[in-house]
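Asker: Listed below, chain by chain, are the residues.
Number of protein chains: 2
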Amino acid sequence: MVRPTMEDVALRAGVSRALVSLVMRNSPKVSEARRSAVLKAAEELGYSPHAMARSLASRTSTVLGVMVSDLHNAFFAEVVDGIDEVAREQGFDIIINTGGRSPARERRAVESLLSFRPAGLILLSPVVPATAIGKAAEQLPVVLVARSSRVSTVDTVNDDGEQGARLAIDHLVSLGHKRIAHLDGGEGTQAGPRRRGYVAAMEAHGLAPQIVSSEYTDVAGARAIRSLIDSDSLPTAILSCNDFNAVGAISALEDAGLRVPHDVSVVGYDNTSLAALRHVSLTTIDQPRAEFGRLAAGALLQRVREERTEPVRHLLNPSLVVRNTTAPPATPRRSRRSGEAATNKHGGLR
Amino acid sequence: MVRPTMEDVALRAGVSRALVSLVMRNSPKVSEARRSAVLKAAEELGYSPHAMARSLASRTSTVLGVMVSDLHNAFFAEVVDGIDEVAREQGFDIIINTGGRSPARERRAVESLLSFRPAGLILLSPVVPATAIGKAAEQLPVVLVARSSRVSTVDTVNDDGEQGARLAIDHLVSLGHKRIAHLDGGEGTQAGPRRRGYVAAMEAHGLAPQIVSSEYTDVAGARAIRSLIDSDSLPTAILSCNDFNAVGAISALEDAGLRVPHDVSVVGYDNTSLAALRHVSLTTIDQPRAEFGRLAAGALLQRVREERTEPVRHLLNPSLVVRNTTAPPATPRRSRRSGEAATNKHGGLR
DNA sequence: TTACAGCATTAGAGCGCTCCAACCAATAGA
DNA sequence: TCTATTGGTTGGAGCGCTCTAATGCTGTAA
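First to last, the sequence lines map onto chains A and B.
The first sequence: position 206 = 206 (my numbering), numbered continuously.
The second sequence: position 42 = 42 (my numbering), numbered continuously.
Not one of these hints is a red herring.
Below, in silico cross-link-like pairs of lysine-lysine (DSS-like), each with a Cα-Cα straight-line distance of 27 Å or less:
1) A:K40 with A:K29
2) A:K40 with B:K135
3) B:K40 with A:K135
Just so you know, these hints were derived from the structure itself, not from any lab.
Being a predicted model, the structure only gives us computed values, none of them experimental.
Given the sequences, and given the hints that come with them, work out the whole structure.
Answerer: Laid out in structure tokens, this is it:
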């Protein structure tokens, strides 16, 4: 249970501790003979360097802290993959901690990460107040993913939610839909841009927006659909605030005897693994998640290496993934010019 | 960007560094006056202890390393919740790293965790070879979750897959099913016990097992169903190796014009959030995931505190969650004695 | 021969902390 | 009065490492 130290390796190889240190950091200024002797001794002893002692002595760190707000959401797993890829490439390790969507627990998680004095910190969709982020940013470089910030010392990586919503609406309009409702994400992260993009796109097409308040859950999606049905204002197409909401919406539609996409088209947002399931096969908006991670790690490492001090704001382009929950509207069978329908006529609300 | 040290706090509070150290570890042998002076100085300076220096000096660690084999799987998120809960309670922090289901990357993740010299290590469903685990276990206490091991120095926490499969079969049999196939998980973790439990339960009911080779993915589940349909040997009920597989199976059944549960009942395994979605509403076997985490952390901390040296094997009871994918078989309408069907008659294949 | 590069190697201080032994009142017991 | 005892406080060594400056050692030029 007791790991060998550099001293042990030095003794066994018949050299000094400093030489072992040089070998461990593969310095070029070590003779081949000594190097192999040290490596051999280290191997025999099962020695591996003590990262904390190293970091303490060198006053530097090769660790990036990553705070994942919600481990249950596979979205973040792919971002972490991207971070990991870039970090590893550049000789950095990552340590992860999770905030469980609770500000208190998140704060603890950040605190814990900071206690390891990492070179930098990446916060994935944090819910802590901006002031807490600003405070952390005084101590080390910080990058925010899926959350915007005005603090000039932190970098941000986001998707362009307005554009994503626009893509979805353009797709539905091109299929011939005129009455398209948006199930809104309320207070949720990034719900704002998506809503704005929806409204802007509808207006650009000369259509009337119809916003239904909802949330990022399947239960909320179902509830929103029932309210639409009850109020007799069900449109021919739905843009949900995310995939979970969309799946809830679909099952509520089916419960009401409506078929998707025959009677109503549904578009999600996020392209989670859920959307890709054959059983769901949801048309949705994809965010380049791994790219989020790569850019975040890249931006952080630039700061760590002090190559840059001005903040950078990455805004990535989402893309449309067409699957089986969207189709031309059934009822008003019109001109068959596939894919392109008239866009300049108002669809009356029911 | 430079954090204050204990020395700075001591200077400001007009005491020695050692006294600050005592306050930080809330030792009882500090006068109230000094304690509050130190706390005040620390607060003003924004001081927080340097975990690595502390760990180095004390030759102990209050950190538990957690290796999550696959961050994309929400299963692990709940286990982590359980670990976090117990660790936190007992004054330990956790750091997470991920292996991405690749042995090489997993090995790196473990290596990286070990370089922080944590007090112990929890491996969630690791795919590295047993020898690597044994080697790690020589250096520090190790607990395995969702993977068994014969190494006497490591503790394990698993669900009783045999019992889970039995619960599913008992449920289906009680509904009146006689022809029940198992879509097998092949080489996947825990596939063995589930298969054995299935066979044993079928035989206990005097029924003939029908095992179809498959995998832990929705695509594989769909493929297995198509092969059953093609060979004209579709049973009235299916026990899938996991929820993903079950969802794939359901969509393949629906594609073939069959209704679930009217024509075929389907049971999953794991009770992932997927199963709970209204749209899916899958009858499945639940594993007490948070409990896995709590037990794992508890077992690890016992070892860390040297309260125990003999290995412990936790085998938890899974439970049945009945939703909407199981119902009595439609075709052979027989005696209506609800819940209890004849168990001593072989169901002929087809 | 001495001098001086140039290179490989090493001693030693120090990173921020803990922990032990020593210390210093202040009080209690003799 | 003198010695113990006790509770609070502190100096200093040391955890495993890095890093600087110094050292020894060759080989070559003067």
